[in-house]
Amino acid sequence: MALLEVRDLHVSMGVQEILHGIDIDLGEGEIVAMLGANGVGKTTLMRALSGIYRVRGGTITLAGEDITNAPSHTIVARGLCQAPEGRQIFATMSVRENLVLGGGPQGLARIDEVLPLFPILGERMGQAAGSLSGGEQQMLCIARALMRSPRVLLLDEPSLGLAPKLVKLIFDLVARIREQGVSILIVEQNARGALRVADRAAVMEGGRVVLAGPAAELANDPRIVEAYLGGHVAG
Amino acid sequence: MAGTSPAMTLESVDLEDDWHEFSGFFGPNLPVAMDYYLQQLAIGLSLGMVYALMAIGFTLIFGVLNVVNFAHGEVYTIGAFTGLVVISAFAPPLIVVLLLVVAVGALAGVGLERIAFKPFRRFSDEASLKSRAMREATLMSSLAVSIVVREAVEIGFGSQFQTVPLDRLLNSPISLGPITIVSGDVIIFVVAALMLGGLQYVLKRTNVGLSIRAVSSNPLGAKYVGINTDRTIIWTFAVGSMMGAAAGILVGLYYGAIFPSMGFIPGIKAFVAMVMGGLSSIPGAVICALILGFSESIATIFVPSVWADMVAYGFLIVTLIFFPRGIFGGARDRV
Amino acid sequence: MSDRLRPLLVVAAVLVLVLGVVPAVLGAFDRSYLYQVANLALIFVLLAASMHLVTGVAGLLQLGHAAFYGVGAYTAALLTTEAGLSFGWTLPLAGLGAAFVAVLVALPTMRLVSIYFAVATLGIGQMLYLVMLNWVPVTKGPNGILVTSGLTLFGYDLSRPASAYFVVAVVTLASLWVIHRLSHSYYGNALRSLREDDQCADAMGLDTVRLKIESFAVSGFFAGIAGALWAHTAGYISPADFSFPQSILILAMVVVGGLGSLPGAVIGALVLILLPEVLRPVGDFRNIIVGGVLFFSILLMPKGIIGEVSALDLVRRQLGGAWRGEGTKAGSEVGWR
Amino acid sequence: MTTLLTINGATRRFGGLTAVDGVSTTVAKGELVGVIGPNGAGKTTLFNLISGFTPLSAGKVHFKGRRIDGQKPFRIARLGIGRTFQNLRIFPNMSVFDNVSVGAAGMLGVNAAGAVFGGKARSEAISRRAWAALEQVGLQGLAGELAANISYGRRKYLEIARALAMEPELIILDEPAAGLNDTETRELAAFIKRLHGDGMTVLLVEHDMGLVMGICERVVVLASGRKIADAAPEVVRKDAAVLEAYLGVEE
Amino acid sequence: QQPVVKIGYQLPLTGNTAQYGQDFKNAAEIALAKFNASGRPFKVEIVFEDSRSDAKEGIAIARKFVDDKEIVGVLGDFTSGVSMASAQVYKSAGMPQLSQTASHPDYAKISEWQFRNITTQAQEGPYNADWMVDQGFKKIAVIAEQTDWGQTVVSNFADEVKKKGGEVVFSEFFNRGLADFRPIITKIAREKPDAIYTGFFYEDGAQFLKQMKQLGLTIPVYSTSAAYNQKLIELAGADAEGMHLTATFLPSNPAPQVQEFVAAWKEKTGQAEPGQFPAQAYDAVNIMLAALEKAWPEPTREKVRDALAATKDFPGVTGDTTFDAHREPAKKLTKAVVKGGQFVAVAD
Ligand SMILES: Nc1ncnc2c1ncn2[C@@H]1O[C@H](COP(=O)(O)OP(=O)(O)OP(=O)(O)O)[C@@H](O)[C@H]1O
Ligand SMILES: Nc1ncnc2c1ncn2[C@@H]1O[C@H](COP(=O)(O)OP(=O)(O)OP(=O)(O)O)[C@@H](O)[C@H]1O
Ligand SMILES: CC(C)C[C@H](N)C(=O)O
Ligand SMILES: [Mg+2]
Ligand SMILES: [Mg+2]
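Residue numbers (our numbering), protein chains in the order written: chain E, 1 to 235; chain Z, 1 to 335; chain A, 1 to 337; chain B, 1 to 251; chain S, 1 to 348.
If you're looking for bench data, these hints aren't it; they were derived computationally from the structure.
Heads up, the beta-carbon is just placed ideally off N, CA and C, and yes, glycines get one too.
Take these hints with a grain of salt, some might be off.
To be verified - Here's a subset of chain Z near chain E, in silico, CB distances under 8 Å, partners left out:
1) Arg213
2) Asn218
3) Arg334
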């Protein structure tokens, strides 16, 4: 059985249904990439998984336990952490406090593993997170999610706003984290990068998964190439 | 001071004697003017402490939800009436009264949160989160609750001052050199200092405090790091309202004035102090509450007392002109 | 129905309703009380509408509105008693007086945002109230002012409730029309953008400070007009009529009706003036009930009885306020005419 | 070619940190200039210095020969500088059309008297401008939608449309492609090119090298607040300092 | 079936001043019950309406009363402000209005339709000034609440003191409901007056007296009949001892109507003795009822007004009431002092 299992997930906002029955499996130590144009519901899916949005139908199972509509804090406590869209850092608090909060009960226990990944954050520890540059905030958001040694890590557009050097670093990082046995679900606009590190990938359209399969296969699928890779086969 | 007032009947009043007693009051050694200012300062301090007592809980709650809790004044009133009922029912010692009041205050806070604030957290879409209308809606719901509570207290107890057993009042005079304070000043000072110190410790040093500050900074972000935001908010309301209720009974016994709309004026002053202080800073609110108290009593030295509030509000405006985000407020978010 | 015709019909319908049907119905009962309540409701409609402009549209939480209402009332009353001016003069001058004071207090506070601004207005409202109460030589302080001349226009005495109704209704309708033009136009959009994100509005070339002062002044102006109506219809004013709880009452009207929605402000004012009157027979419990209604209305309709979005839609469609984009399909109305 | 924007020794310090450190450059009318650099290099800060949101610690900025540093943002905007924000800043509780109209209204000027008694001329002018801007970015179909309800990608265009409705002479775009996928980025690139082709001067911060190198005529590189390169894309791409500081070694 | 005559009573039954309005209502009901049980040829009904001490409600109520053709007279309101705003309506519609407490100097001047049965400071001020100066106080401090009434307290008193050769060394107002009087008390103390004359109601009075004693000040305090309320002593306890004041109503007064009222009050409310204000209301209602009786069998508003205007030596619990040509009452004032937790009369 997969570590994270999503079955027939329906999510609505008001009267409007946004996800019309999503199925995803995320195996132990697996990386799955979610692709899709703007507004197809990727973030909605991620929020539902973290317990931010209510689920109207279907189930979410984490390591055999049903976490459908569980409160977000229990989901996090069970090891599902997310670096969300829009960063959602604590702007009025210092970088250090943001990291402590990310660590939850462990506090700064993992700081020595996380900080070396983003040395610039080390220089900004005392600064208010809101005054960081866009990219620095994005790093903080990812670092915060890593502070808790998650079993499942959800990354919603982690490379957004990062300089090319760092984008590369992020994807390397994703691969490295997986080495430690963490399962990762990654939503990316940088399909090229995501498909390179992912084991499997799924493509969403209009609130449904329309295409799924091994990442390498999808990277060469003409439909994907046309729609997400700007018409060039990934190198 | 004589126990049976010498001024009771005219026949017994000896003007010369009165003079004597009068100058004694200001102390024989210091120049009278100096004593006068010192006394006014002492009164300003105790006025400020009274506002501060209320401002602490108010600021705590505002800090977490970023919405004005218009019903905090009613929690204060509930605290005072609870204390009064307890005292008249079985006259326990003050500390027991306080404990009971604090318990009722916590209940009131939790109830208030459930009724007037929680329902509005069901709207999580962006348009609602960023909408002024939604923000002001919680302000209004707390106002509506406060109206209902105040009217209910009024129907239950009447709107007159309640009679407080005189021996329970916290106003036995204490002479400190040339100035006179009362026992309540000391108690209020100690309680306010304990509250302030305790809260500062909790907020700055403990995980609970960190969670509270996180929820106040970004409630959605707090969910992502696994904070139980509902519980944090409830606790904050409970603690803030406990402090509000305790303030109510202490000030009620201090002035001996317990009536349904007693929370109104201190509520406004606490609100003003909180904003002057920069919204999320509890020490800031306390300092500004003291400034307000001082400015009222000092103003009375120079202008008729009816204008004293003018000086206090003038202080507010001047403060905001120079510190548009309060004295201890942070900067605006960068662009 | 032709698109040209509909707005005219709507306007005509409002006029017929307010100036024809309502007085006819009230007249049928032959109760001056009903007129009195109607007059009061209209005055508060005007107050709510003026607060709507600054709090609903421009997003500046105003906690001292009643003070400007008071400045208007005092200006009118003093001009009547001290200078012998009649209603025809005092009405505009009361508006200007209140607007002038609004500009004065706006100048130092316009850099403030959100709750800081709200508290500043609270402070200013209290200060103005203290002036009314304590500046005895001018305002007569707590003695209040007996307004010697009622509603007179061109020498006609219109003080009877029935004729006063028409004066109040015409002034209120005219003011509402102006506020409607201000909030349902690109000017209104500019104010809304201040509410949404003032820094961003700044980057769009909007002089945010000027806009804030302007909206504050206009809002003060109409509060002042309402004050003059009150002074002349009530015949006696005193500071208590303009204290903080009145500001909160007006705010409650605007929020219950729908923050940002002009029809909402109108309805909110009607509800909160008429409800307590209707509940008179209930006795001591009526204010609890008013509080309860306030609470449940906010709980069920947090964006107000008529929220901003539906209000704008309504105005665009029914009042023909919309500008139609060239490429749009028929009926999709967007901007302002 | 006339110079539109001149930046002279622009410096900005935050406490001990110098976010922008003596940067000088010029932008000529009709140019399309890219600004790149590592995260935290000071790009956004530089834009804020130009548009007046952050005061300079030292240095000067001229626009169309006029000194603009120290001026209020709205005055600078009215001189003809439109901008977008790195963290999308739309007006969420206003319709898409109304969002865009604010840009037009800011430039054409609105006032209370005009709103009440003015004729239709001004509001039609605003409407037309706003509509034209919406059409330019292809959002006319969503004109009546609440801005909070449209997707991220469209918000990006909405923000651009709002700046375009100002009909600025210089438009500054801060990471317009962030959060867009490759195909969308290509569309954006084409869009910016078209804009440029129509004579607009563009200043662009972006981390998407494909976009920057593909369309910019000149690229300014910042690192730790200093300008380390200012040249044509081909030159910058091979610059050792730039490779080291920013691009990393491409595969 | 007896014919019924209706009168209106506007008063604050809710809100911050509800305690006064509720007292009035109780007093009125006592008076009414007695009247209706006394076998008169007609019965009277009182329509109570809650004004919340809010002028806009008061005016609406006035309109309501005026509309009701059966209502031939109105009592109330409590505060001068609301009474005067409502008076505009009664003036234009021709409705007699009798307020038990409105003490604004201009209230009765509004028109021939306004009456009041509370003594004004025009009478009480000079009376107290004489009293105090006669006791040998030369330097007197005056404070009063910042209301229309407080203004008259100060002005009427100060004029007389000056005339009598005394000196007002300090004169200030305070806002009603002020919690902390200590800044003012300290300021008063600095002026070293021989005595303090005060215009306050019992709540403020109790606060003032308590805080004065806290600060160790023992200057004689004099006050007006407005402070006359048993609750003052309840709230201030021993600190109220020795306060002098004038009164028109003393529950200890052996006059039968007083004893009857006090007994009925205690029975109806379960409270202690009534204060000055309920007594005012009780008298106002009785004066109105007497006027109705005089106007019977055709009690029109005009006739009730004329009957009210003709009120002469009406034997009320607050003394005999006669309306002068300006519809103002003149009453006999009594000097009282708080002694042993009681208000007791002071012999002249
Ligand atoms: N709170 C909301 N209220 C109404 N509609 C919403 C809400 N949140 C999302 N939507 C709509 O749901 C759809 C899916 O949005 P979502 O943010 O999940 O897209 P996405 O795939 O993450 O896109 P992007 O790449 O832009 O981040 C969009 O059409 C959006 O307009
Ligand atoms: N208000 C501020 N207070 C303190 N430091 C600040 C402030 N604004 C910016 N900084 C710092 O200045 C540096 C430059 O920030 P800036 O936003 O200009 O970077 P950037 O080049 O736009 O980066 P990115 O590509 O990540 O957006 C950052 O290190 C940031 O932390
Ligand atoms: C102040 C009021 C409550 C009573 C006072 N006697 C008056 O006339 O207004
Ligand atoms: Mg998304
Ligand atoms: Mg940036």
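For each hint, the structure was consulted:
no., hint, verdict
1, Arg213, "holds, 6 Å"
2, Asn218, "holds, 5 Å"
3, Arg334, "holds, 5 Å"
Consistency with the previously given hints is maintained throughout, with no hint failing.
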